[in-house]
Amino acid sequence: MPRETKKEYLQRKRAERSVRRRQHDEEFVGWKLKPQPNTPLEQQLGSSSRPTGRSTGPKTAAERAAEEVERVRPLKACRDTVEAPGTAWRLPKCALDEVGWGPKGAAPMPERPQWEGVASTAEALEALETEAFQKWEGKLQELADSSQMELSWYEHRLDFWRQLWRVLERSHVVLVLLDARCPLYHLHPGLLATLAAQLCPVLIVLNKEDLTLPSAAAAWRAYL
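Everything in the sequence shown is counted per full-length UniProt numbering, starting at 1 for the first residue and increasing by one.
Source of the hints: derived by calculation from the structure; they are not laboratory data.
Where a beta carbon is used, it is the ideal one built from N, C-alpha and C, also for glycine.
Heads up, a few of these hints could be off.
Unchecked claim - Ranges between beta-carbon positions, derived for each pair:
no.: 1; residue 1: Tyr9; residue 2: Pro214; range: 43 to 49 Å
no.: 2; residue 1: Arg221; residue 2: Ala15; range: 48 to 54 Å
no.: 3; residue 1: Trp115; residue 2: Ala222; range: 53 to 59 Å
no.: 4; residue 1: Glu70; residue 2: Glu169; range: 25 to 31 Å
no.: 5; residue 1: Glu116; residue 2: Leu203; range: 26 to 32 Å
no.: 6; residue 1: Gln134; residue 2: Glu67; range: 26 to 32 Å
no.: 7; residue 1: Ser215; residue 2: Glu16; range: 33 to 39 Å
no.: 8; residue 1: Glu116; residue 2: Ser215; range: 32 to 38 Å
no.: 9; residue 1: Pro214; residue 2: His186; range: 33 to 39 Å
no.: 10; residue 1: Ala196; residue 2: Ala15; range: 52 to 58 Å
no.: 11; residue 1: Glu67; residue 2: His186; range: 49 to 55 Å
no.: 12; residue 1: Arg221; residue 2: Leu164; range: 22 to 28 Å
no.: 13; residue 1: Ser152; residue 2: Arg14; range: 28 to 34 Å
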């Protein structure tokens with residue numbers, strides 16, 4: 001069997017990527033564009049002058065856009081609702097005791113040990129950080145067992161925490177993005193405590209405010 005050239009190899013890989021891309025579109029988007037040979041692009045995508053009535057062909061971009069507008073119309077009406085001036089709006093039931101940041105008495109996140117004047121080499125620093133992280137994990141699991149709690153998923157890789165420690169130590173300001181639908185779920189108390197100890201300013205940014213009422217977003221901004 002003759003060995004394929006570099007050009008043939010690239011063409012084959014390009015064709016394989018094209019097949020995978022089409023399979024992805026069919027699975028997650030729900031429709032698949034099937035171009036026909038010797039057919040103008042306008043007819044492949046669908047024409048706005050296509051006869052009305054039941055059709056088994058792919059929907060035009062205008063039809064899909066109209067369906068999307070109808071789908072989000074109730075959400076937009078809810079978002080644009082404005083209460084009368086002076087109306088109090090109660091925050092949703094979302095508190096720290098409902099969210100939970102581990103068993104009571106446990107540190108919410110591992111802290112970097114004091115290393116200045118203790119570790120003089122990179123190997124000694126890594127050993128010091130490894131020991132501190134393992135102690136934190138052990139205490140966390142011990143408190144969870146004694147409280148009959150089941151720990152949720154958290155990051156077990158020490159390299160992740162090392163990167164976070166170093167980024168926080170070098171940062172002049174930290175931006176924390178919170179989901180406006182329930183900000184406390186994403187506001188980590190351990191992170192805030194670490195930044196407060198370092199005297200690092202924190203900017204809290206509420207994201208996805210378009211999915212909540214304007215009064216709810218305003219109430220969360222006042223609360224935070």
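- So the hint says 25 to 31 Å: do the beta-carbon atoms of glutamate 70 and glutamate 169 match that? 51 Å, violated
- Message: Against the range 26 to 32 Å, how does the distance between the Cβ atoms of glutamate 116 and leucine 203 compare: consistent or not?
- Response: With Cβ atoms ~28 Å apart, the hint holds.
- Message: Given a hint of 22 to 28 Å, does the C-beta separation of arginine 221 and leucine 164 actually sit inside it?
- Response: 26 Å, holds
- Item | Assessment of proposed distance window 28 to 34 Å (beta carbons of serine 152, arginine 14) | Hint violated: Cβ distance 43 Å, outside 28 to 34 Å.
- Query: Taking the beta carbons of proline 214 and histidine 186, is their distance inside 33 to 39 Å?
  - Reply: This hint is violated: roughly 20 Å between Cβ atoms.
- Query: Using the C-beta atoms of glutamate 116 and serine 215, is the stated range 32 to 38 Å upheld?
  - Reply: Since the Cβ atoms of glutamate 116 and serine 215 sit about 49 Å apart, the hinted range of 32 to 38 Å is violated.
- Task: Check the following: the C-beta atoms of tyrosine 9 and proline 214 are separated by a distance inside 43 to 49 Å.
- Result: Given about 56 Å between the Cβ atoms, the range is violated.
- Query: Per the hint of 26 to 32 Å, is the separation of the Cβ atoms of glutamine 134 and glutamate 67 within bounds?
  - Reply: Violated, at about 54 Å.
- So the hint says 33 to 39 Å: do the beta-carbon atoms of serine 215 and glutamate 16 match that? 52 Å, violated
- Message: Can you tell me whether the CB distance of alanine 196 to alanine 15 sits inside 52 to 58 Å?
- Response: Roughly 56 Å apart at Cβ, these two residues keep to the hinted range, so it holds.
- Query: If you check the beta carbons of tryptophan 115 and alanine 222, does the distance land in 53 to 59 Å?
  - Reply: 40 Å, violated
- Query: Has the hinted range 49 to 55 Å been met by the Cβ atoms of glutamate 67 and histidine 186?
  - Reply: 32 Å, violated
Comparing the model with each numbered hint stated earlier shows that hints 1, 3, 4, 6, 7, 8, 9, 11, 13 do not hold.
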